[in-house]
Amino acid sequence: MIPDPARYAKDAADAIGAVFTDLDDGGGYLFRISKNGRSVVAGAGGVSSFPVNSATAFTLSRDKSHTKSVLRSVGVPVIEGRLFFAHALRAGLRSPGREIEDARAFARELDYPVFAKPNQGSQGNFAEIIDGDAALLDYARRVAGEFESFLIEPLIRGSEHRVLIQDGRAVFHVRKQAPGLTGDGRRSAAALLDALNMELQGTGVSPYPVSVLGAAGIDASSVPLEGQRIVLPGRRNLSAVGEIETFSDATPPVLHDLAARSVAALGLRIGAVDMFDLSSDDDLGELVVIEVNGNPGLRTLELAGRMDLIRGVWVSMLNEYLGD
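In this note's numbering, the protein residues as written are 43 to 366.
Heads up, some of the hints might be wrong.
Label-pair ranges, simulated between beta-carbon atoms [claimed, not checked]: (1) Pro294 to Val116: 16 to 24 Å; (2) Gly68 to Gly246: 43 to 51 Å; (3) Glu362 to Thr98: 15 to 23 Å; (4) Asp46 to Arg229: 28 to 36 Å; (5) Ala130 to Gly327: 42 to 50 Å; (6) Met240 to Met43: 27 to 35 Å; (7) Glu328 to Asp67: 43 to 51 Å; (8) Gly68 to Asp175: 43 to 51 Å; (9) Pro138 to Gly200: 30 to 38 Å.
Since the hints were made in silico from the structure, they are not lab data.
Cβ coordinates follow ideal geometry from the N, Cα and C atoms, glycine included.
Kindly produce the complete structure, drawing on both the sequences and the hints.
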């Protein structure tokens with residue numbers, strides 16, 4: 043099966059009478075769309091799927107630390123945290139205060155547990171709650187195999203929202219729900235977690251560490267009752283077996299405004315903004331930006347049965363490059 047962006051691009055190309063050509067030997071990670079002597083090349087995976095986003099804007103959005111700096115400079119509230127490096131490669135090229143021992147000192151300053159995630163990660167990969175020094179050292183060791191740097195942030199709890207913006211307009215809004223385990227009265231919590239991690243094999247998303255059960259207040263050896271749901275804190279990505287609690291193509295104005303400001307600050311034309319609502323009344327009264335995705339997946343729309351919105355995003359882009 044070809045990746046989602048290729049499927050969506052082909053669908054939009056068919057809708058406007060353009061020609062979709064796979065340039066990846068059928069893999070779909072690189073393709074050209076042509077019409078009336080004009081063409082545009084796009085792709086999936088490491089290639090930005092949205093050609094209207096500039097290379098600078100897309101690259102900025104991939105760097106979570108840089109994204110925070112840009113947003114902070116224009117008054118957008120962000121989760122505070124610091125950037126650290128998982129290994130000593132290129133240590134001579136950076137300023138002091140970014141090494142593993144510095145990370146441990148900062149985590150103690152914040153007071154465990156803390157939240158860690160790769161600076162250029164996606165899909166919830168290696169996004170984990172860290173409960174102490176030993177866990178942080180283990181995390182740095184594991185993350186170093188795939189990423190050079192990571193962020194440490196305070197552990198924040200609140201409702202999580204995502205808004206997709208295209209040229210200043212909100213396309214959709216979702217409220218995310220954390221993934222969970224469902225007891226069957228037979229298997230231990232650890233065994234249920236193992237089964238969930240089996241689903242992640244081959245996806246490029248790291249497994250959930252057993253420490254997530256402790257963060258959920260569950261003994262790994264306990265046997266949850268049949269039907270008992272254990273919410274796993276820390277990740278709410280669909281790619282990490284997260285879920286969507288609500289979906290709407292009508293976005294609350296306060297979410298729209300903050301998302302549009304964030305996308306514009308990075309110079310993106312299409313971007314998805316993840317936000318926490320920290321208000322005690324869950325009334326969107328205290329929003330903070332988690333991150334901005336300059337190459338967001340659109341699977342949420344497909345799962346909601348809104349291929350029309352996906353087609354609209356792509357047709358708009360293709361018409362700009364290929365002519366109406």
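Against the structure, the hints:
In this structure the hint that Pro294 and Val116 lie 16 to 24 Å apart at CB holds, the actual value being about 21 Å. For the pair Gly68 and Gly246, the beta carbons lie near 20 Å from each other, so the given range of 43 to 51 Å is not met. At roughly 19 Å, the beta-carbon separation of Glu362 and Thr98 lies within the given 15 to 23 Å, and the hint holds. Checking the proposed 28 to 36 Å range against Asp46 and Arg229 shows it holds: the Cβ atoms sit about 33 Å from each other.
Taken as a hint, the range 42 to 50 Å holds for the pair Ala130 and Gly327, whose Cβ atoms sit roughly 44 Å apart. For Met240 and Met43, the Cβ-Cβ distance of about 20 Å falls outside the hinted range of 27 to 35 Å, so the restraint is violated. For Glu328 and Asp67, the Cβ-Cβ distance of about 50 Å falls inside the hinted range of 43 to 51 Å, so the restraint holds. In this structure the supplied range 43 to 51 Å holds for Gly68 paired with Asp175, their Cβ-Cβ distance being about 48 Å.
Judged by the Cβ atoms, the range 30 to 38 Å given for Pro138 and Gly200 holds: they are separated by roughly 34 Å.
Hint compliance for this structure: hints 2 and 6 are broken, all remaining hints hold.
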